[in-house]
Amino acid sequence: MPGTRKQVGATGAQTVTISSAGFNRAWAAWIADRLERRGVTVVQQRWDPPVEIPLEESLRDLTLSRGQVLVILSDWYFQLGPRGHDEWNRALREVVAPDPDRFAAVSVTTSALPGATSVLGAADLTNVGADEAERRLLTRLGLPTDPLPASAETRPGPRYPADTPEVWGGVPRRNTRFTGREELLNKAYQALQDAGTGAGVVTLYGMSGVGKTQLAAEYVYRFGSEYDVVWWVPADRRALYRQRLAELAPELGLSTGVEYGERLRAVRDALRRGEPHSHWLLVLDGADEPEHIWDLVPTGPGHVLITSRNPEWGEHNSNLVEVPVYSRDESVAFIRRRAPRLTPAEADRLADALEDLPLLLDQTAGWLNDSDLSVEEYIELLEGGIDQDVVKVSADFPLAFQTAWSILLNKLKDTVPESVDLLRLCSFFAPGSIPVRLLKEMPAGELPEQVSGLMNDPLLWNKAISQLRQYSVVRLESHESAVDEASSGESIYMHRMVHQIVGHDMTERDRREFIDVVRRALAAADPGRPTDTRLWPAYAEITPHLKWADVLKSTDPAVQTLVLNCLRYMYLSGEYRAGIKLGERAMKAWRELLGEDHPRIWDLSYHYANLLRAVGDYAGTEAIERAAVDHLRTERGVQDLEHLRAAGGLAADLRGLGRYDEALEMSGWVLAAYRELLGDQDSRTLNAQNNLGVSLRLLGRYEESLELNQRTLEARRQFLGQRHNWTLSSQTSYAIDLRLLGRYGDALSLQNQSVRVHRLVMGQDNPQTLGAEYNLALCHYRSGERATASALFTRVLERCERVLGEGAPLTMMFAAGQSCFAREHADIDQARGISEKVVDGYVNMLGENHPFVAGTRANHALILRNVGERDHAHALLEGALAALTQAVGEYHPWTLGCAINASALRNLVGDPESAATLTDAVVTRATETLGRTHPLTLSARIAHAADLRGVRERQRAEKVENEALGDLATTLGAQHVHTVSARSRNRPYWDFEPPIV
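Take 1 as the starting number for the sequence shown in the numbering used here and just add one per residue.
Everything labelled a hint here was simulated from the structure, so no lab data went into it.
Simulated pairs of lysine-lysine, DSS-like, Cα-Cα distance not exceeding 27 angstroms: (1) Lys-588 to Lys-547; (2) Lys-411 to Lys-440; (3) Lys-413 to Lys-440; (4) Lys-553 to Lys-588; (5) Lys-553 to Lys-581; (6) Lys-463 to Lys-413; (7) Lys-547 to Lys-440.
Using the sequences provided together with the hints, build the complete structure.
See the structure below:
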């Protein structure tokens, strides 16, 4: 697009029109900037004349431009392929030679150009630095080369094109055969430029093989000079995306530890703040499932470019740019660049036969150029179909692709047969980025004969890779740079279309041999400790390949252990959905392969149940764990360690189902058995001790839970270390107990420190981190720091909804807290909407009789009270009180708190005597259960004083109130919000907080 750029500090009237190919936009932008700083008026003209218009006519049109015409010479300017050297030589002699002063040129290529370009007298800008390039440019245009005054260099300008951005990583090599797509590139660029801060996201979407990745790579090279950071991230798998994004931390110079979560948090925070660089570009390649990663797309002053087959990115604040197949002109131009021996007419026929699909054109034209086969003969092969005895292909592919691939495969077999074996081996990894280093690290004796030589002979390896790259079957991926290609190859990239069709093309014998190799390679890469957060990046790389290597059909113990470790990793890292899918498939496959009662089945049941429990399927997990407990007790006895593990899982299921007394009994028995078998210091004993603490807390026995959790925390600190995820979990458990006992300052101090370490070690979106942050919000709230609590409540709920979904137990727990806070301090309508969803969610998940349903209905009744629906609120609260009394007993803190709320509603509906009787009983029970100065007991005493005033027992009311106010000031402080509120005679209320089970 032509456009005039404003003259800067003009001192003369000189005008220069820059004529350049879109491929060389970065050079045009830099040259324009350097000229404008010297007072030259610059007009930019993109050179892209239609092929059907004579070249002489297009060159004459350039002479209509203002001032001197500066041509940026490169292969792309001459459109070599569509136009030949002879055509250019004639046009240059006819148009430029008679009027040489109208034209000037600079050359940015070392390739051979048409001979007549000498008439342009081009200044060579290749292989020189920025200062020398500027001097040569100015000299060619007859401008002074004196240094600019400091005032002219104050504003930043485009980077010198030969210099890469300060931070650059993961970007594929530039495709020197890239063709066309000018409108798409400009559309993407403009959309990013026009977006506001934090909203610069563009998605290039289209079918497989259409060239989305190549288009994104060209965007990077064409516009990369405008950025200080360019980072390319594979985004087809969430775990791998998080890992690669975290690797940006050291490149940004961020001071972080080695923990993966710490690096990821630091990177996202730095991008959001724009420090140390505000001009950043992040490319998310292959993000076909927006729901898996949209919550991890960075915000901030930079730009995000996404490639995807999925237009649903438009629902996630992304501009959409559809990428179609090539236009016919683009197809012809590309084919002739790829296969110069073909005429335009032959290229047109080939494009028509291959349906203008870029990937197919690239693969076909490349080898066709080296072949003796004519285009007509090739098209006859396409039209004649495929010899199914030679190559088997999937019927899911277009016929043109199937046939073209079979021809290409036969070509590879004839030239470098090892490259075909490598392709077949790679088809048992997931498509996209394939970690071939895992294969190269295997001992030679464990590789198939036809592949061992390839892996252990660098020359043969390079030959095979070179052949595959030449025909665009794969591309090398390495940490870019000056690393020699011979030593690179940590991974290769295989397009999903190529991947799928290769997988259909091998004998059953080869299939068995190759898949076994990949399975063993993955098993050998298993770090062996999924509980260690420092090893999560390794598991994130391994897990996507399990499905493609069909590991569930392997009887190799090492491969089965890998599956179990990956399930454990998915549970601990919060990848619940992916883990449940793997666990479900594993249960089915292993039962068929190993039998219903094989020991591996009980190992698998444990991990699968953990994942199901994390999403609230407590009835399902109870059935799984009870079957395991019954079988293992019968077969191995009650003291068997696997039986104890299953029993611990069953206790967790009972907690989830609200059967707290049963859970406590089982948790206590499991802990005693572990202590007898393993001693007090074994990690399994400490886990059981932690679980017993949870059971005690759910029964309202907070002092006992605190004492037990304190011992667990101290032991875990000693034996596991301060930053182990189980130690961090114990810190949160201990802080929860402190808060529930009214020790708000102690709880806040401990939880604040724990949250910082959680974010560093586990990442800010890990479910355990989210749980820690939620408790921190509650600590701030109970301490009277409402503004801090408000921000935390909102942020934690939003992140949990994105990561786990609205129906997850953790999300509903956070939503209940947000609703209670909004009821008192924000938007009552928002509170009501959230509360209704929470109640309905718990009913659907847990059933009508669960304590969580009664508790959240009690919360909802307070909202109804606040909006004037007193009768409805009264009925709901009385029902909740009866349900909690039946479920957990009249002495449970939940029942006592609900009774405080119910007494308030009894007053409002005209029954003060019943209200006073109720709070009198609550004070007695709360004092016995929690102590006289516990915050819940103090609330009951203040409420009872109000009820006594309601029945005109003023003297007694004053005595109860004064004693309670004195205890509040002593316990919480005279200026604590609860104390101040009580002095103002605001009636206290109780919020039900669904706990972690």
